[in-house]
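4 protein chains.
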Amino acid sequence: MIDYSSTIDEIYEIILAEENIGKAAWYIPELANVNPDQFGVHLSCLDGQGYGIGDYKTKFSIQSISKVLSLSLAYKMLGDQIWERVGVEPSGNPFNSLIQLETDLGIPRNPLINGGAMVICDLLFSHLQKPIEDYLAFIRSICGNDTINYSAEIAASEKSVGYRNVALCNFIKSFGNIKNDPTAVLDFYFYMCSIEMTCEELSKTFLFLVHDGKMPTTQEEILTPSKSKRINAIMQTCGFYDESGEFSFRVGLPGKSGVGGGILALHPQKYCISVWSPKLNQKGNSYRGMKFLELFTTKTESSIF
Amino acid sequence: MIDYSSTIDEIYEIILAEENIGKAAWYIPELANVNPDQFGVHLSCLDGQGYGIGDYKTKFSIQSISKVLSLSLAYKMLGDQIWERVGVEPSGNPFNSLIQLETDLGIPRNPLINGGAMVICDLLFSHLQKPIEDYLAFIRSICGNDTINYSAEIAASEKSVGYRNVALCNFIKSFGNIKNDPTAVLDFYFYMCSIEMTCEELSKTFLFLVHDGKMPTTQEEILTPSKSKRINAIMQTCGFYDESGEFSFRVGLPGKSGVGGGILALHPQKYCISVWSPKLNQKGNSYRGMKFLELFTTKTESSIF
Amino acid sequence: MIDYSSTIDEIYEIILAEENIGKAAWYIPELANVNPDQFGVHLSCLDGQGYGIGDYKTKFSIQSISKVLSLSLAYKMLGDQIWERVGVEPSGNPFNSLIQLETDLGIPRNPLINGGAMVICDLLFSHLQKPIEDYLAFIRSICGNDTINYSAEIAASEKSVGYRNVALCNFIKSFGNIKNDPTAVLDFYFYMCSIEMTCEELSKTFLFLVHDGKMPTTQEEILTPSKSKRINAIMQTCGFYDESGEFSFRVGLPGKSGVGGGILALHPQKYCISVWSPKLNQKGNSYRGMKFLELFTTKTESSIF
Amino acid sequence: MIDYSSTIDEIYEIILAEENIGKAAWYIPELANVNPDQFGVHLSCLDGQGYGIGDYKTKFSIQSISKVLSLSLAYKMLGDQIWERVGVEPSGNPFNSLIQLETDLGIPRNPLINGGAMVICDLLFSHLQKPIEDYLAFIRSICGNDTINYSAEIAASEKSVGYRNVALCNFIKSFGNIKNDPTAVLDFYFYMCSIEMTCEELSKTFLFLVHDGKMPTTQEEILTPSKSKRINAIMQTCGFYDESGEFSFRVGLPGKSGVGGGILALHPQKYCISVWSPKLNQKGNSYRGMKFLELFTTKTESSIF
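Residue numbers (our numbering), protein chains in the order written: chain A, 19 to 323; chain B, 19 to 323; chain C, 19 to 323; chain D, 19 to 323.
Read the hints as simulated data drawn from the structure, not as lab findings.
One or more of the hints may lead you astray.
Which copy is meant is left open, because identical chains are indistinguishable; a pair holds if it fits in one copy or across any two.
Once the Cα atoms are required to be at most 30 Å apart in a straight line, the calculated DSBU-like pairs of lysine-lysine come out as [stated by the list, open to error]:
{"id": "1", "residue 1": "Lys177", "residue 2": "Lys41"}
{"id": "2", "residue 1": "Lys177", "residue 2": "Lys232"}
{"id": "3", "residue 1": "Lys297", "residue 2": "Lys77"}
{"id": "4", "residue 1": "Lys41", "residue 2": "Lys317"}
{"id": "5", "residue 1": "Lys288", "residue 2": "Lys232"}
{"id": "6", "residue 1": "Lys245", "residue 2": "Lys297"}
{"id": "7", "residue 1": "Lys77", "residue 2": "Lys41"}
Assemble the whole structure, with the sequences as input and the hints as a guide.
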């Protein structure tokens, strides 16, 4: 294992000593109740070793980070036909913007913004027998952990206030790019986002994207090397909504954030790292998470650039 | 040297045998006159070795690829203050779109779209004694080649039809984000874009970004490692206008295209590759260039992801 | 009565002889079933006289024309406070566009586009005991006709395909500018649009706006003169979506169109005229209706300008 | 003459007693120097009578009000072919917005926003022998006053800071919808806007639009009745930029504002009224002018609706 443990300790202390700015996702009741000062980090390597600090064994809602996994499953099952329904371009707009959909006639810019993730959910909904069960089984298998689960409370909580997402899904449906009933697709979408993991579980789950699509433990192929690289490329350009360029500029790794305060980032062939701290900056990304990862790739000189 | 020469030969033959689709930049009279079937490729490595095929010793107008060099010079001279005047986010829009400037109050999304490059030109214009001469001297020094030059004909040709660019520059000026006279800034901008190089010269010139900011021959530092990585990150997310995501997805390297039909891409710590073929796809990027590089990173498995 | 009957006959014949271009509202199943060649006209004067030709005694779905009546009721009941929730500016965009709502933070541009009419429905929903019954009672009273009714089939038909409207209503709700449950507001909205009238009933119903807000028969005040004039002003600038300027330019009267193929126009102090022909032009307004009214005000020189 | 003089006196006193809010057009140096507390009103009737109060005999820069006159001249000379180059729809956007031009491919929404007025200038430039002299001669003839003139100082002042207008004109040129050299068209445009008149001259000049296109003194036809009505219709829907709906709603007359603080409004067949007060509201229209006219049509009940 590359020994980054002392660097992780050092940066963790620096950030813990600084003011924790921002606001946890206030608009989703269940997320607003989370203690906003929790802070965990975990790094996993291909050889199975790992290192964690702080609240890295506490479950949190991974939210949009889950979109990379639903994309992976759809790409694995359906191949390049998925790109007829969703693009691979950064949007230059907030995560839930409807503006571009109107000019783009219902084709979301990429699968990591809300609209794009709904199209992916719609694809899975059409091709999975039991979408909610089957998606969970997929995640459990790549994480190698049967305790991973949804939070029905968080799914319900998001649904209760998710007017913008209802708008998005029905808007795409009006262009014909959602094939199933929007209410059913949204139910699956809210479930998909409600997956809970610890930092440790999260960084282990994504190791297949560090390893050219193969599970590092069993060498089982989840995705071909080409598909795995392409998902990393999409995370690089689109993983942080309208802060994707900034993350690429400051951190220099493919990654994905969630409004639960988690960030996942990875260095192909090297490692996967997760940070969790609920307070979000103005773009909706974890304040401490962004800061931690910028310091981490700077000090370890491990940006991919 | 990593031996990619046979792969380059092989791909060159494949592409040469296929139809050459698209249209050379018809709207700039001098560029429209170039023989559109020319096709050259050159790869340069850190150890000084290189390999070229086709028209790799023919000069062509590097156009927007030059924006990476003007950005490098401004970043070197002025440091992070340049980011107060221009962003680092992909635009999600064509290269010369004015829409976002209106909502973003005159701050271009990134320095590789036209508006952003004009702001960089304005910064250089304020801080260089003789902008046109000094910029050329900078390029000659990093290329180690005193024959590199502007094409006054192409600069004049672009100026004669550059109404959209006049609009862009005056629009930014109206927000106060161009400090000098727009006509003078535009003159410098058109000169900056008119630099001519061969594929060979181009791939050598950019080796400093492969080598953490240092010239591979003299080890002289052009940019700090951090600045060098950040310019690569901007190329990754913003180098191909509204096809940046697609390039990242298909090719997986930081790069930059120009309407002259050139594309420059690089793999940090490994190599720099340039392709030139004047016919452009609908997004304004070289049709054969995009295709060549997709095949190249696929066959050599050398995407950064 | 001003004698326009021979002019109406003459224009009716001219238009009947010409090709009937366009397409009836295909996207609402129940409307798509209407015989598209029906064509009726009716003019009503303040003195109670009237003149009709063609299918002027056939019921049709008045659709968005109903929005002027729901606006009138809300303005009557709640006064100028309604303008805190909706604007009075033309939108410059199609009837169901979501773009402006995003930049305008959920305040629709005017009460005659879909989003604005939903906000009016929401206001009525909050202030009427039984919104659906009470709105119908209001229309029956100003029309002086107890047979006016909704079409439950058309309301259900629109609801079954109204994804764009579901999107609009939930989008406005996400900004907090819908106070009630979006599903309940939409139900009321679809009912409100499903009112059926004949040309004769329609032109009689709107006479109060010709008569400074008073019923011409009983002199009962529905709206104050100032409010009546202001509703006419809004019809003038906003009554035809992104063809409002064109209607104002060609016809020169305040008016309102519906996707059922009806158009209502009026000349303050003079007359009220309705035309019905189901085939719509590309902007969603009755092809023959627009043409009839242009010829009518040209021949009678009765534009308000 | 309809006797509105006492009403005019009364409203003038009311408004004079209230705070004069807003800011004179600060961005044009010569306009910023004007005494902002000047306040004049003049009403002209078809029978030649008139009534003025306050600074109604002081010259001011009519600015965009001049666009109605250049439109009249172009419509008179070239007829309906002008509508191939410019629309008649309200824009829903500020006077100098570039956003819509991009989606509308260089066709400005209407001839009363800056871009549209430039296209009209371009048309006149192509068809007049000496555009600047000929346009002035036209205005002098309809005003019946040979002392009307441009202000070369104001034209030069606007040009010196008119970056947004340079952007607009070159942007339209880039779509091919400006046929002449943009610099020459802009020179004419700035001259056209620099016409100076008193309130008295202004209200007399526009009487032909009250009189179905004929000069009230000589009965000479400037425009046909149909063209005259259509220009009034365009003023009604587009005369006040993104406050056109508000003006229509509050005042209920066709009209046009200028950043010099002038507003012209007219009642077909009745009167023409001009108000001048340099302080502008946030939409760029005279604060006192808007207020005066709202009170005027309310008290005289002379809205066209």
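Against the earlier hints, flag every one the structure doesn't satisfy and list their numbers going up.
2
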